[in-house]
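Student: Residue numbers (numbering that gives the first Met the number 0), protein chains in the order written: chain A, 0 to 261; chain B, 0 to 260.
Calculated from the structure, these hints are not laboratory results.
Mixed in with the good hints, there may be bad ones.
[What the hints assert, rightly or not] Computed, partial: chain A to chain B, Cβ under 7 Å: (1) T76; (2) Q148; (3) E179; (4) M186; (5) I192; (6) E196; (7) T197; (8) A244; (9) T245.
None of the values given here were measured: they were computed from a predicted structure.
Where a beta carbon is used, it is the ideal one built from N, C-alpha and C, also for glycine.
The lines below spell out each chain.
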Amino acid sequence: MESVILLFSEVPEPGRTRSALTYAQGGILSDKQAANFYRRSLIDTLNACSKMTPTKIYICCNGDGDLEKMQKIIDATVCPDKIEIYGDHGGKFGECVDECVKAIKDKEEGKLLVLLSGDLPLIQPHIVDNILAKTSLARFPALGVCPSQSGATSVIVMSPDAELSYSDMFDKPNHNRSLEEFIDSAMVKGYPIYLGETVPDVDNVVDMASMISLINALKMAAKSDNSLVLPIKVIEYLNKLGLTATAPSSKTDDEVCADCSY
Amino acid sequence: MKHAVVVFTKVPKDGTSKSRLSDAFGGNLTVTEAREFYEASLLDTMEACVESNIGEVYLCCNKIGDRQYMDEFLNRFPYRDKIAGVFWDKGENFDHSMDYAAECIFKNGNDRLADSVIIVSGDIPFLIPKHLKDTGCELERLGQKPDGTITPALVESPCQEAGSNLLGYTYNTPFNFGGVFYNMEFTTTLDMLAAKAEKENIPFAAIDMVPDVDLPQDLDATIPLLKALGYAAKFDDEIKAPRRTIAYMEKLGLLKFPCPL
Chain A
0 MESVILLFSE VPEPGRTRSA LTYAQGGILS DKQAANFYRR SLIDTLNACS
50 KMTPTKIYIC CNGDGDLEKM QKIIDATVCP DKIEIYGDHG GKFGECVDEC
100 VKAIKDKEEG KLLVLLSGDL PLIQPHIVDN ILAKTSLARF PALGVCPSQS
150 GATSVIVMSP DAELSYSDMF DKPNHNRSLE EFIDSAMVKG YPIYLGETVP
200 DVDNVVDMAS MISLINALKM AAKSDNSLVL PIKVIEYLNK LGLTATAPSS
250 KTDDEVCADC SY
Chain B
0 MKHAVVVFTK VPKDGTSKSR LSDAFGGNLT VTEAREFYEA SLLDTMEACV
50 ESNIGEVYLC CNKIGDRQYM DEFLNRFPYR DKIAGVFWDK GENFDHSMDY
100 AAECIFKNGN DRLADSVIIV SGDIPFLIPK HLKDTGCELE RLGQKPDGTI
150 TPALVESPCQ EAGSNLLGYT YNTPFNFGGV FYNMEFTTTL DMLAAKAEKE
200 NIPFAAIDMV PDVDLPQDLD ATIPLLKALG YAAKFDDEIK APRRTIAYME
250 KLGLLKFPCP L
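Looking at chain B on its own, in the form it has when it is part of the complex (with noise of 0.2 Å):
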């Protein structure tokens, strides 16, 4: 089966990159401060989905994105001809914008550039390698039958509060992100996809939880989980640390290892 990878991401910018995390929210970070964090943190999840080797590995942009700042910010990327092309969505809701991602993918299934689209958000540190080769493991299992058919099936990886940063499915699932992330009867993201998997009868799998950081408090959880994984890595192939966002957090002040790394 044939994998490719959509990282989603805004442009970053000041004010609009996880303001939530800013002063002007109530938050501890100026607002330059919040989009240099999503910055490391982008920065980390594009390496993680790289090294995965799982397949090629795509940005989606919002349409009222700069570009050039976008196209000077891959410069500091040293995988950056690993990426291979950047979609900028059409300016709709989240929602639609992951049906365009996954769109730019399947190429309603002519000449599609994959079997599977794996959507990942830009703020997920945390994420390791690991978790896109379980994903594509997943998927093959659910999705693939032994002489190389594609069926459907929908793997996801939950964040700490019922949302998900993680989405794969195949180009034959019969599933869009119509009410996912948006709906009118505030059914949680992992309802929603539960839901939708059941109503499709679409074979799902979830696998391990990959933690975002959108509120002060997803910030304070950071500064364990990325000690965890800095000093963990160093004794097993399959972890990788967010050095960027360790070394962000390390310059703020808050994050301090007892002895170097």
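Only chain A is shown next, with the shape it has when bound in the complex (with noise of 0.2 Å):
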């Protein structure tokens, strides 16, 4: 069965991105470091998505933004002529997620859609081509969905007859963790869920700090798989910033966080 991948991302802007990782909000990098990172991280995340089954990617972005930035990022990636843009007409995060699902499920009639971030330079093509198989094979309407470290949603697969409002599940004030949120949609409407793998994705330090050793461990298992996709351009970034991680010896030592030596 045919499929398509929706990458939700903002044009990435200094001091609008990733600003959980910045100075001003405690974190270890300029506005323009953070920006660089998140732009990196989305390439590296595209070039992964060209190898898993989908054969077209629309990168979902807000429409005000500078569109032809984003040319260019796609431009870096292995596969431009697989991507095109989406630009969203603006809202909050669940409004411009259900209008280019609609949008997108029109365009594409018929095929399953994967969703995803572009902040998951981990992704590997293997975990989404699994997930949206067993997906595939359900009885439709059928939802996967691969969760991140922290309790949210890093991939989401739906088959072409779902109907879910992510208004509903991130709009609302309050609202619970995304992984909760979309499994308590899925359960009152009587979807079945298939479970994929584990998907960091990078919000904050600690899960930056979590992503340095995961490279790491990463980069050593792909000597012995070639099947492994390694997220270059971040693993640039990373050794021209010098960033590494480190676990401090303390009562919290089950956190780890980044340490810049640049």
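Take each chain as given, in its own frame, and dock them per the hints.
Tutor: Encoded structure:
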């Protein structure tokens, strides 16, 4: 069964992008570095997407953003011909997702949709292909999901006839973590859900530190498995910044933090 | 390749089991609730290990733990007869105790109980049999020649914060836990594992991330994951719901399903 990817991303802008990583919010990067990090993460995510089963990738971004800048990012990937920009009309996050899902559903009738974000530099093609395959074999309507490391959703798969309101899930005040809202919505509708592997995202400094160690493990694993995709652009940038992860020995010794040594 | 699984755990006790989840350390649970939560997750972890059927399952417990309590606790485990043995560590630090657990299986290579050991911690209710099967497959891919000869191999599952809750390796892998969990350089566990593998040129693989539950924010993140496992298990034989942990979180009022499972 055919499928397409919807990658949700703002056009990277210093001061707006990955602000939780910035000095202003107690992080370890300047505004420009945080935006650069995200831009590279987006390219790596897109490059991994190019090796997945879906043949087309839509970047769903803020329509009032600098779309020429987004096109330059696309041109820096290994698959610019597979990627098309969809600029949304704005609103709350859930409303934007609903708008994009409806528009792409209309355009790509009968196809499975894979929804993900641009901050997944560790994503591997086999993880998405596996959850896509399971969902496509299910009784429809059906859903698939790969959680993030912190109880959010990193990847969502929707059968063509699945109807979800992301604004109902994500835009209401005091909503729960996105994975919980997603599962609750599926249960209420009676949709089967298939659960895939965890795909870590990078929202804050702890995520970033963890990502650094995960990349080191991935580099070692890739020596024995050529199907693994390394986030080359992010690795280059981490090397440039000289970032490493540390595990402080204290009563919070299960937390890691990033250590700048540049 | 013959695998053995060792579940690494302290004997559950108020004040020492998951103490960082308790009000004494700024968490939301009492020390008894923290211990009961840990007991539920330990039983679910043990059950996933047994149901994986990849090898005999052992426990490695802390030397100073209450052995009578552990015996009573194990009576609550429906697969008690599938626990092949309980080792009691020597009361050293975590790194040494892990090495001791592996030594109990490998016995310095002589009359070893298995060709590989897979050590898991007891606080991972999200562990499903598939994780252990995947670990076994990776150990066989990397650490077994077509003629059956066992060679070095190291397989890990990362946790959510650069640690690891599952580690498997073959008996002739030049690996020990020295510095993995405790080191003066503050190197993360994952970095240390990757560095050891690189230094000794050990074939290395990582399986799916299996989060643990150490801190209040981990407990918070547990809720959606438990919900996802509980519901997804209805549709996929590979997914196993950690039923005891789910039931305990429901009892605490921290987990509510919108409709009956």
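Student: Interface hint check: T245 of chain A, Cβ to nearest Cβ on chain B, cutoff 7 Å. Holds or violated?
Tutor: holds, 4 Å
Student: Going by Cβ atoms only, is I192 of chain A closer than 7 Å to chain B?
Tutor: At about 5 Å, which falls below the 7 Å cut-off, the nearest Cβ of chain B leaves the hint on I192 of chain A intact, so it holds.
Student: Could you check if Q148 of chain A really has its C-beta closer than 7 Å to a C-beta on chain B?
Tutor: holds, 4 Å
Student: Hold the hint about E196 of chain A up to the distance rule: shortest CB distance to chain B must be less than 7 Å.
Tutor: Since the shortest Cβ distance to chain B is 4 Å, the answer is holds.
Student: Under 7 Å, Cβ to Cβ, is where T197 of chain A needs to be relative to chain B, so tell me if that hint holds or is violated.
Tutor: At 4 Å from the nearest chain B Cβ, T197 of chain A passes the 7 Å test, so the hint holds.
Student: Taking the closest Cβ pair, is T76 of chain A under 7 Å from chain B?
Tutor: Check failed: Cβ of T76 of chain A comes no nearer than 25 Å to chain B, outside 7 Å.
Student: Under 7 Å, Cβ to Cβ, is where A244 of chain A needs to be relative to chain B, so tell me if that hint holds or is violated.
Tutor: holds, 5 Å
Student: Take the shortest C-beta to C-beta distance between E179 of chain A and chain B; is it under 7 Å?
Tutor: With a minimum Cβ separation of about 4 Å from chain B (threshold 7 Å), the hint on E179 of chain A holds.
Student: Regarding the hint that M186 of chain A lies at the interface with chain B, is the smallest CB-CB distance below 7 Å?
Tutor: At 5 Å from the nearest chain B Cβ, M186 of chain A passes the 7 Å test, so the hint holds.
Figure legend: structure checked against the earlier numbered hints; the only hint not met is number 1.
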